[in-house]
Amino acid sequence: MSVVYSLKNVVKERLIDGVGFRLVVPKIQISAQENIALIGHSGCGKSTLLDMLALILRPDQGDEFNLHPMDGDSYDIAGIWQRDKQGKLSQIRKQHVGYVMQSGGLLPYLTVRENIELPRKLLKLPDDDSIISISRVLGIERQLDKLPGLLSAGERQRAAFARALSHRPSILIADEPTSALDPISAQKIMAVVMEVIRGLKITLITASHDWAHVYKMELRTLKQEAKAVEDGKIYQSRFSD
Amino acid sequence: MAQITNIVRLSFRDYSHEWRMSSCFILALASVLAPMMILFGLKFGIVSTMVNELVENPVNREIRPIGSGRYNDAWIDALRNRQDVEFIVPKTRALAATIQLKSDRAKRILSTELLATAAGDPLLAGLSSVPQDYHQVILSHSAANKLNVKTGDRIDASLSRQFRGKRERVHLQLNVIDTAAASVTTRNVAFVNLELLIASELFKDGRAVQALGWHGNSDDSIERVFPSFRLYARSIHDVERLVADLEKEGARIKANVSEITTVKSIDQNLSVIYWVIACVGALGFAFSLGASLWANVDRKRKELSVLRLVGFKSGRIVMFPVLQSCYTALLGWLVAVLVYLAFEYLINFFLAPRLNLDRALCFLLTEHFLWALVLTLVIAIFAAIVGGIRAARIEPSDGLRDL
Numbered sequence: 001m002s003v004v005y006s007l008k009n010v011v012k013e014r015l016i017d018g019v020g021f022r023l024v025v026p027k028i029q030i031s032a033q034e035n036i037a038l039i040g041h042s043g044c045g046k047s048t049l050l051d052m053l054a055l056i057l058r059p060d061q062g063d064e065f066n067l068h069p070m071d072g073d074s075y076d077i078a079g080i081w082q083r084d085k086q087g088k089l090s091q092i093r094k095q096h097v098g099y100v101m102q103s104g105g106l107l108p109y110l111t112v113r114e115n116i117e118l119p120r121k122l123l124k125l126p127d128d129d130s131i132i133s134i135s136r137v138l139g140i141e142r143q144l145d146k147l148p149g150l151l152s153a154g155e156r157q158r159a160a161f162a163r164a165l166s167h168r169p170s171i172l173i174a175d176e177p178t179s180a181l182d183p184i185s186a187q188k189i190m191a192v193v194m195e196v197i198r199g200l201k202i203t204l205i206t207a208s209h210d211w212a213h214v215y216k217m218e219l220r221t222l223k224q225e226a227k228a229v230e231d232g233k234i235y236q237s238r239f240s241d
Numbered sequence: 001m002a003q004i005t006n007i008v009r010l011s012f013r014d015y016s017h018e019w020r021m022s023s024c025f026i027l028a029l030a031s032v033l034a035p036m037m038i039l040f041g042l043k044f045g046i047v048s049t050m051v052n053e054l055v056e057n058p059v060n061r062e063i064r065p066i067g068s069g070r071y072n073d074a075w076i077d078a079l080r081n082r083q084d085v086e087f088i089v090p091k092t093r094a095l096a097a098t099i100q101l102k103s104d105r106a107k108r109i110l111s112t113e114l115l116a117t118a119a120g121d122p123l124l125a126g127l128s129s130v131p132q133d134y135h136q137v138i139l140s141h142s143a144a145n146k147l148n149v150k151t152g153d154r155i156d157a158s159l160s161r162q163f164r165g166k167r168e169r170v171h172l173q174l175n176v177i178d179t180a181a182a183s184v185t186t187r188n189v190a191f192v193n194l195e196l197l198i199a200s201e202l203f204k205d206g207r208a209v210q211a212l213g214w215h216g217n218s219d220d221s222i223e224r225v226f227p228s229f230r231l232y233a234r235s236i237h238d239v240e241r242l243v244a245d246l247e248k249e250g251a252r253i254k255a256n257v258s259e260i261t262t263v264k265s266i267d268q269n270l271s272v273i274y275w276v277i278a279c280v281g282a283l284g285f286a287f288s289l290g291a292s293l294w295a296n297v298d299r300k301r302k303e304l305s306v307l308r309l310v311g312f313k314s315g316r317i318v319m320f321p322v323l324q325s326c327y328t329a330l331l332g333w334l335v336a337v338l339v340y341l342a343f344e345y346l347i348n349f350f351l352a353p354r355l356n357l358d359r360a361l362c363f364l365l366t367e368h369f370l371w372a373l374v375l376t377l378v379i380a381i382f383a384a385i386v387g388g389i390r391a392a393r394i395e396p397s398d399g400l401r402d403l
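Chains as they are written, first to last, in this note's numbering: chain L, 1 to 241; chain U, 1 to 403.
Rather than coming from a laboratory, the hints here were simulated on the basis of the structure.
If you're wondering where the values come from, they're calculated on a predicted model, not measured in any experiment.
Any given hint could be a false lead.
Said to hold, decoys possible - Straight-line C-alpha distance at most 27 Å; calculated DSSO-like pairs for lysine-lysine:
1. U:Lys313 <-> L:Lys124
2. U:Lys313 <-> L:Lys94
3. U:Lys302 <-> L:Lys88
4. L:Lys121 <-> U:Lys313
One chain only, chain U, in its complex shape (with noise of 0.2 Å):
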């Protein structure tokens, strides 16, 4: 213990006495560690900034049918339950899914998108309730705006027909229970429960609803079909997939499969380009490291032969040089994190506004610091044992002889 203890003050005085050389030790890893992790930031940062792009805005994970179809209760339930999925209502046929809104608040009548909703909708993430019945609804923020209301307020909804010759109104009483971010949507929409969009399309169909008290033909035989759906996919990577899928049942779809697609290419070319130049990077990192390491133990040879003479263990003395790698890994690990946080901060201060980027376009995570830490010091440590050994594998008196 006493041998360690002092082998560990030995090596920090020797280093710290010869700041000049161990300086230059520390710079020459940086100048090497420093520009891989500027290069991995860029790669890590433009990469993941598009693909989170993609992935976070629920618009390109959409799939939408193009026209009408029929697409019936069963079928959308089997797709619903696909793990690819996340997230699939139905939609009735434009027309039919308009309402128009009033509040106390605004003069205006205002001519509403209804939307169905449900738990999980990816649209309106972030919410905390959902529609539960035909009462309740969440607005669009430029439908709220118009109607100037917010959460908790009541507004009228009516629909109107012409039914049996004579046009008719019914009127609905709506509770707002939230309202939806300004980025989901530019329009007037009105997030609804379905049963509220299936009680409109049959009020327009002059038929019958009888849960609101809406007079018109009953015809239960009728199976309910839809002409379209809301679908979004779990992820950027299921949408091909799904529409491949939908395509083969005969289904005409639109997604961002080709935005996806360039993204998704681009991401791996620039991972081929990025390791290429990692992996030459960071073989030339080893070399340069151990040899510039393996070099200071046979610099220190005569001393570490001199601490042997006065009685230090050959495995106390591969010590030595261990811990001044270490310091050197763990300092020159130090310098690069500091030259690599001002790059970062000088590409995404004066680079990302340029690219009309909101995002970072330069950033590493905490782990990507710490593998940067391990795999230096790992690198320092076998370069120094390698040759550590050697140096305490040679007889003392040679050492001693070599000045």
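In isolation and in its complexed conformation, chain L is listed as follows (with noise of 0.2 Å):
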């Protein structure tokens, strides 16, 4: 399998007048169609990861950070971020990643079916029936007309899963998709989502919280430990192979 997330000591701060929290990579390897868990207790970095590995934070130091979407592309993200690239990077995010926040993330004004059509329409991708089908597997069929207001939470995240699949990115990353549902809804959306993937051959890197147990035989877990350091002003957490 080849490497899809290669970053060794990358570094992320968030300071103010020397105090306040570190993350800290040194080395990471992700591995196409890997499924990566991310577990930790709240504030340990889990979404700040998470949004380096999706290139919409800049880190604040890295002697690595490549990303290989799929075989043929390589891209040098530090290099990238250090040149300021803005538009590359919003390429590089249009073409291979798929994100589902927390909240879903859902433009409001849109209809489920605009913004599950949206990363489509922005790679021009022709209308094939891939948007039905996408949201039939994940049960949201009959809500693609309304707006995402008057869906239950649970519908809403299955619609921010379907936009983020829709334009077949190789990597999906999801920031804690289920911890505004119930566990057995977050079970249910979840056993579909690792069975779209799998059939997809997507990389999964997702923040989760206890129905990851349930797939643990599936999902592999970065190391995660935290401490204070530099005289208890900074909290330091690592993640690592």
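Hey, can you piece these two chains together into the complex? The hints should help.
The following block contains the structure:
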């Protein structure tokens, strides 16, 4: 399996007057079609790491931050951030990454169908039956013409997954996508999602809660440890293979 | 291109989805813009009505000599050549400039004042022809009525004098080539070629007019001088200077200088007051519009971050609030124009008659509306770009974590 993400000594700090939080990634390698779970308590930097992997958060340091979303494509993400090539990052994101936010992040003024179509429209992909089929699989086929405000929390998250997957990205990043749902709904949704990503051969990286344990045989968990450093001024969290 | 089309579509969808909030922005804009337009409409209407009245009515540009002077052809020509003089024509002595007119359609003989005219006479502006020879006349409205004649009719004109102890009368056929508007004068006036006016004076003075076969003394050595003239400045702004120049030459002059000065100073004072209010208003308008649009961009941070997350470039993201500001600017301007037009109608309908004004008290030209639109758009776009750039600079992850 080829390596999708390769990170070495990547650091992100959130400090005010030298006090705050530091995320350190000594080394992570994520292979294609791997399913990664970031497990840790609240505030340990799961979302920060996911945002960096989704190319929406600039790392402060990094000896290596490479992305190989598919055969032939290879990007030096650390270099692109350094040169502040935001357009390039948008382009990579648009093409290769699907992102599901904790709150869904659906645009409230578009119908569910239009939300799901949006990434495809940006890539000028043809109007085929992929919207219908992904909606059917995720069980929101009948909600397509509704505005997100009219959906239940579970339906909204299903729609968010559909949007993140509609353009067939090679990477799906999900930031605690089921945290707002009851455990039964969460497990139901994740069962469907796991099936879809297996079928589409997508690399999944997610921050997770309890449901992750259900799929622990299928998910690789990154090692996470945290401690106070520099006289207790900085809370430092490490994620590594 | 796909991104631009999508941003236009998305910004409009969001704008109409949040129609309550959008309406608030539109009304907020209109509530600042409409009073400014009404204020400007009043200022423009009142002053331009007064100025127009002064400019358009030639009486206000007329400069009249008081009493009799001695003005020769060269002096009058020199004045005619001045840039600030629109029209000048000599006048003869009042007693010599009276003629008796008679028509077949009226019983009475009408004693009529003779006034010389020529091409470009402001009193006869709008008429297609001017008297070219001894036999053509333009009658004042009153004279034409009393003689019961119209354009194309022929009338008999006669002059009388005491010459060498005998009373003499000469007759002349005149063609009525036009009639002056009633507003020009209420007097009985015959506008004629200068030659006929001079001939009339020569005849009354007992001198011969060869061209008309009127006998009398002939003494060509006497230089022709006129006791008076009819002079019109090119604009009301030229009157004051012309009067001053003529008075320097010793002429005793009368003109509507004080009235013109009053209107000019009202114009200046109103302009100052207006511009002070307008500047303060425009500043307030710019700040309130800018602040509300800025606030809107801040409110939209999360949604703008989502758009970046799905792959929109920063430059396109700036377009989102800019386009929405343009919608607000356009619709707010439209509402302001409608409010203004309603007030304009009410003011002109109820207030203008009370002030005995024939003209509108409050009005704006099309270009004023367009200027208001341009100003609104410029402020709106500027405010949105400033806010939009700020939103586009924020890393998408920060925006996503806002809520």
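So if I understand the rule, the pair passes when the alpha-carbon distance is 27 Å or less; does Lys313 of chain U with Lys124 of chain L pass?
Between Lys313 of chain U and Lys124 of chain L the Cα gap is close to 15 Å, so the pair holds against 27 Å.
Holds or violated: are the alpha carbons of Lys121 of chain L and Lys313 of chain U at most 27 Å from each other?
Roughly 14 Å between the alpha carbons, so the hint for Lys121 of chain L and Lys313 of chain U holds.
Lys302 of chain U and Lys88 of chain L: Cα distance at most 27 Å?
holds, 21 Å
Is the straight-line distance between the alpha-carbon of Lys313 of chain U and that of Lys94 of chain L 27 Å or less?
holds, 10 Å
Of the numbered hints given earlier, the model fails none.
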